[in-house]
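Student: In case you want the letters, here they are:
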Amino acid sequence: MKYIDEFRSRELARKLAEGIAREADTGREYRLMEFCGGHTHAIFRYGVQELMPDNVTFVHGPGCPVCVLPIGRIDNAIGLVEAHDVILCTYGDMLRVPASGRNSLLKVKAAGGDVRMVWSTQDALKIARENPDRQVIFFAIGFETTTPPTAVAIKQAKAERLENFSVFCNHVLTPAAMQNILDSPDVRDLEKVAIDAFLGPSHVSTIIGTRPYEFFAEEYHKPVVIAGFEPLDVMQSALMLIRQINQGRAEVENEYTRVVTREGNVKAQALVAEVLELRRSFEWRGLGEVPYSALKIKSPWAEFDAETRFALPRVEAADVRGCECPRILRGVKKPTDCKLFGTVCTPENPMGSCMVSSEGACAAYWSYGRFHQARTRESAA
Amino acid sequence: MCLALPAEIIAIEGDMGKVNLGGVHKEISLALVEDVKVGDFVLVHVGYALNRVSPEEAERTLALFAEAGLGGAA
Amino acid sequence: MSRRFAQRLDLRNGTVDMTHGSGGRAMAQLIDELFVRHFDNDLLRQGNDQACFEAPAGRLVMSTDGHVISPLFFPGGDIGALAVHGTINDVAMSGARPLYLSAGFILEEGFPLAALERIVASMAEASRAAGVPVVTGDTKVVERGKGDGVFITTTGVGVVPEGVNISGDRARPGDAILVSGAIGNHGVAIMSSRENLEFDTSMESDSAALHELVAEMVTAVPGIHCLRDPTRGGLATTLNELALQSGMGMRLEEAAIPMDEEVLAACELLGLDPLYVANEGKLICICDPADADALLQVMRAHPLGERAARIGEVVEDTDGFVQMETRFGGSRVVDWLAGEQLPRIC
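Chains as they are written, first to last, in the numbering used here: chain A, 1 to 381; chain F, 1 to 74; chain X, 1 to 346.
Calculated directly from the structure, the hints in this document are not laboratory data.
Backbone N, C-alpha and C define an ideal beta-carbon position, used for all residues, glycine too.
Taking lysine-lysine pairs in the DSSO-like style, the calculated list, with each CA pair at most 27 Å apart, reads:
(1) F:18 - A:155
(2) A:222 - A:334
(3) A:222 - A:333
(4) A:155 - A:267
(5) A:158 - A:296
(6) A:2 - A:267
(7) A:2 - A:15
(8) A:298 - A:158
(9) F:18 - A:2
(10) X:146 - A:107
(11) A:267 - F:18
(12) A:126 - A:267
(13) A:296 - A:126
(14) F:37 - A:2
(15) A:155 - A:298
(16) A:126 - A:298
(17) A:107 - A:339
(18) X:146 - A:109
(19) A:109 - A:126
(20) A:296 - A:155
(21) A:267 - A:296
(22) F:37 - A:267
(23) A:298 - A:267
(24) A:158 - F:18
(25) F:37 - F:18
(26) A:107 - A:126
(27) F:37 - A:126
(28) A:126 - A:155
(29) A:155 - F:37
(30) A:126 - F:18
(31) A:267 - A:158
(32) A:158 - A:126
Covered by chain X, per the in silico footprint, the following chain A stretches (three or more residues, Cβ under 8 Å):
(33) 32-45
(34) 48-57
(35) 63-74
(36) 89-95
(37) 339-350
Whenever a hint applies, use it, and build me the whole structure from the sequences.
Tutor: Listed below in structure tokens is the structure:
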């Protein structure tokens, strides 16, 4: 597969690993926060951490839109299906996330609720066209990458007069989350979470460009490298960050130049701006209320807003007692610090979103972490 | 997050296109991109093309990877 | 024995109704004009509630499977052929030669007879091609809404040759791990025909009966340690099962695992890991390393094993981890799957 296989080359991986080992100063630690869940996934799937020297570690950030969606919003989605005879269209990622009372969209589906997994908002529109006498709601989640497709769908629905179509909008913004982490007492003052640099998200950046990150580099004096999605991209980006740290620089660099530019996708940005606007505040799981961090549907398009069409209540839902997802998401705690991890909370029986999502820190840690611990135990013995 | 993959455009019809990835063909929306033509590679996410993939930049990036092993900072 | 019925079954437009399961004339007609007509063998034609046959010499093997797959028809197969292949394979994984099958049907009221006939014809074809007849069966009907069209349960019996002891707990350190061909085809074919995940691809299910391939392998190397077909949960799940049963660990090499490019591509698009995608015509073999080459030669000479490959080895490991050296040069753990793998966008 072109533009994929070449970026997974074993030969080049070896070269990069040598380069990194050479340039990483053995006298210090390099803690690189990879904000994007896709990077977490790539690191585990290809075993990238193993190719890095011991003093270079990846810290997993909250770049998993599934993980940061508060339980209350999933309860709302479930409520829509249970209370009304709607067809709820959702991306596969949301199906197993546990909401209040250990319920989930998958369980609701099993109990007879009309929950349909879709790959694209285009599929949701098709379902709306084919079922004119049913309400069809699209459960919109994701960062800036996934937002333009929602905007396009709303515009298309208006153009086609698809009156039975609406969107339950939960789109969130990356720079706001990054700022929230960097501003949190844990990071800023207490140095509880030491982050030396950021691996910027691949595909969010293809939409928003590299410009929004310049503020971080300047204000917080942390280097940022926008990293591509493939394992070689991750390694090259780590090398670029190591160089910046060594040289005392704090700039925004772009490793993913084949699809990311400074300005980003202007057409997509304009489409989003036409249909969606900032919420003054939005609750993120683990981060609490974050100002100007999420989007809602603008009033000219309100007819397609599920929140107005269905009068959704604000649900204050609490995490399962003992669940450390909030702190794990912020990088303050490790999965193994959570009492529920591996005991009550397992991939078969997830308590929180960090375990359900394949890129949640707990799910990722479940395999690799257990293995790593077993090996450590072995060599200690 | 944001699983997106480069795929080759093999057909275009208005705002929709068909892409090929490793022999698998899928219909996607081209509403978010401009000036793409058959033969271009685009990044595909949730059924939409997000951006064109630049072959020149891809080459340059691969060359950078190879350089890293030769030692010395950029 | 012939039955006379007032009218033939309307196989074109008719549907299943409660009388077809009630044990009366309607059920007898369904059995006669549909099942017996297609499965067509002496034992079945006797018309008893059981099949009586000579017990062959040797150890007997029995296996049973319930099939609840949806969609019922998919590229390269259907629930009927899948049921026949599945049970033949389960019996064959013990090294046994499959002899007979039984088939139990639970039909949902309202299910079209045309679809049922298509399934039964397909089962009959699969059974005939494999040389393993369906000699007895059962039919029940449940109310509309209480079934998914049709559920099929197949049971198979077979006989194991002398000197063959194949079992999941026999893997030993140093053993070679072989796979008979490219993985992931079945699961991807199923996904491609599910609503909202359609893509044009020539991918078909690899559903196939493996008993003849197994017979040749067992003849060449009677001392094979383990055989298992990686169905639900894919290669990764089956390897973890074997590792657990044997109390061993495993080390795999990703680059050695055969996969069709289209399967890889479809998995990439949907965010699926091909290691966890189901197969219905492949087998895993664990054997003494000295026997690996001989087995690979035999497998590759057979149409169902052309792409057979050695993909790893069994290692000493009380924790039972299945590790894999990635194509990339790193290493990862190939763990159990939690629940069905779902397509993702993140």
